[in-house]
Amino acid sequence: MVASDMDWPRPDAGKLLDQLQPVLERIFRGYGISVREAETIVEESCRTLVTKGLRRQEPLVWLLHDIVERCERSREERSFEDPPP
Amino acid sequence: MKIHPHDKVLEAFLLSLAERDLDLVFHLARCSYCRSRIYYLPRPEETVEGEAACGEPLNLVQTRERIEGWVRAVEAERDEAPGLFVELMSQPVARWGEVLGADPRFHSWGLFELLIERSWETTIPDSAHAEVLGRLALLLGERLAPSRYGAELIEDLRARAWAHVGNACRTRSELHSAEEAFGKAFDHLEKGTGDALERAILLDLLGSLRRDQRRFEEAVDLLGKAVSAFLKIGDRHRAGRSLVNLSIVHNHSGHPEESIPVLYESLDLIDAEQEPRLLLCARHNLTTFLSEAGRSVEARDLYRETRPLYRDFGEPWVQNRRQWVKGKIARGLGSAARAESLLLKAREGFLAEGIPYDTALVSLELATLYAEQGRTADLKRLAEEIVPVFASRNIHREALAALAFLKQAIEAEAANLEVIARVAAFLKRAENDPELKFAPLSVYR
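Top to bottom, those sequences are chains P and H. For what it's worth, this note's numbering labels the leading residue of the first sequence as 1, then goes sequentially. For what it's worth, this note's numbering labels the leading residue of the second sequence as 1, then goes sequentially.
One or more hints might be untrue.
Only pairs whose alpha carbons sit at most 20 angstroms apart, straight line, appear in this in silico SDA-like list of lysine to any residue [unchecked claim]:
no. : chain 1 : residue 1 : chain 2 : residue 2
1   : H       : 191       : H       : 148
2   : H       : 191       : P       : 74
3   : H       : 428       : H       : 253
4   : H       : 437       : H       : 254
5   : H       : 437       : H       : 400
6   : P       : 15        : H       : 234
7   : H       : 232       : P       : 72
8   : H       : 184       : H       : 143
9   : P       : 15        : H       : 65
10  : H       : 232       : P       : 59
11  : H       : 225       : P       : 61
12  : P       : 15        : H       : 59
13  : H       : 428       : H       : 398
14  : H       : 191       : P       : 44
15  : H       : 380       : H       : 411
16  : H       : 225       : H       : 190
17  : H       : 232       : P       : 58
18  : H       : 380       : H       : 344
19  : H       : 191       : P       : 43
20  : H       : 345       : H       : 323
21  : H       : 184       : H       : 171
22  : H       : 184       : H       : 151
23  : H       : 232       : P       : 60
24  : H       : 225       : P       : 58
25  : P       : 15        : H       : 72
26  : H       : 191       : P       : 77
27  : H       : 191       : P       : 72
28  : P       : 15        : H       : 61
29  : H       : 232       : P       : 57
30  : H       : 191       : P       : 76
31  : H       : 428       : H       : 190
32  : H       : 380       : H       : 422
33  : P       : 15        : H       : 70
34  : H       : 428       : H       : 418
35  : H       : 428       : H       : 70
36  : H       : 232       : H       : 24
From chain H, some residues computed to sit far from chain P (all C-beta separations above 12 angstroms) [stated by the list, open to error]:
no. : residue
37  : 19
38  : 101
39  : 174
40  : 261
Bear in mind the hints are in silico, worked out from the structure with no lab data behind them. Predicted model, so just to flag it, every value in this text is computed and none were measured. Glycine is no exception: its CB is placed at the ideal position from the N, C-alpha and C atoms.
Construct the entire structure; sequences and hints are all you get.
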């Protein structure tokens, strides 16, 4: 935690999504995430980003990292349900 | 590849790699962030518009609309929070919990966040109040509707509130209560969103607790993990802060020389605009460790670079330490007269501030200087002045015993440089280890 977290300008999730959109499509495809699940993941990550008043030095990097982590968890859950032959 | 490769295939692949490429593979195995980058690197020359995720277009228009609506709602709650906070604080302290629980106007995300933030800000000036605010936040967290705010987000902030409670307990040396609070913080964190920043902040705070518990190996491990986690999400400043914390662990564990590379690394990461005091702290500590390690020229150059920053913080706490480190550097560079004048100035400052421990440490540096010059009369006068100052203050009993021993040795003209250095080393260690026992015989060894 650093000083004055509350006074830090809030990140603009819309602008960040504009920057990430081409990358996101590749990531979701790579992880085999359906469109519906991808939308849920993006929404949950963005909600975490904008709801928590934490000062994030690189919101874009955080958002990408968070989305990838969610994709990882999703893949782990799927592989648990359907183990490889 | 649709199937998992056979061991032999995998083995052949790994054996075919150069060592550098092998390092990269093992990094990829551990780092989910870098694995994700494989999917978009190398970048295509042009991006195909409306490309599909799993064959369908990824349309985020509705997602964005929902997020924007949510941002407006949260911001409205944040705007109302300071007024609600003042209203709550205007009630008698004994009624805060009752008022907060009973009135639904207080059950807002904005106030939840604000209480947690105030709890953090209050830790240094008034840790007992910080704990009260942290516990109020926890009470409020139980009242927030998961259907509105999201259960995982609430869990994240509960984790942070418990961590602040634990940190407040730690600063009052209530280490058992702190341990319990951190246990609860991590329980809530496990049920949260998985926010890497939240986790890294908790690891850093737990590292401070392990340091105060003198569980140094664990502290080093936790802080190392915090630094890696911060860097992974681009938070260089917080990584720098954790490195400063790590350097303190090395110092408390009796390895100040290990602090030097750590502090140099932190200087590249700390954002001076965001937290100039942290930068000053890192630079000052580094200057001190360099001069104590005999690297006086390096310490002098660093001190010169830090001068403008020292000027920005005029309070006695900073300025006395500035004189002290200047005195150390002057002594290391062989300017005994200059060192004496600076150390005397620092000593006067600490006496005026009422800080007996630092007064003792500076006095011992002066004692070393006098002993080096064979100034027995000055040494005796200094010894006469030291003990009464400490006897009247709340100072570590063993430290007082060490100083009394030194006084006796000086009076008997048996205090050589080695004796003074050993007492000084004992006092430095005892500052961070109240359980340390002073053994006079060991001083002569």
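Numbered hints the structure breaks, given as an ascending list | 31, 35
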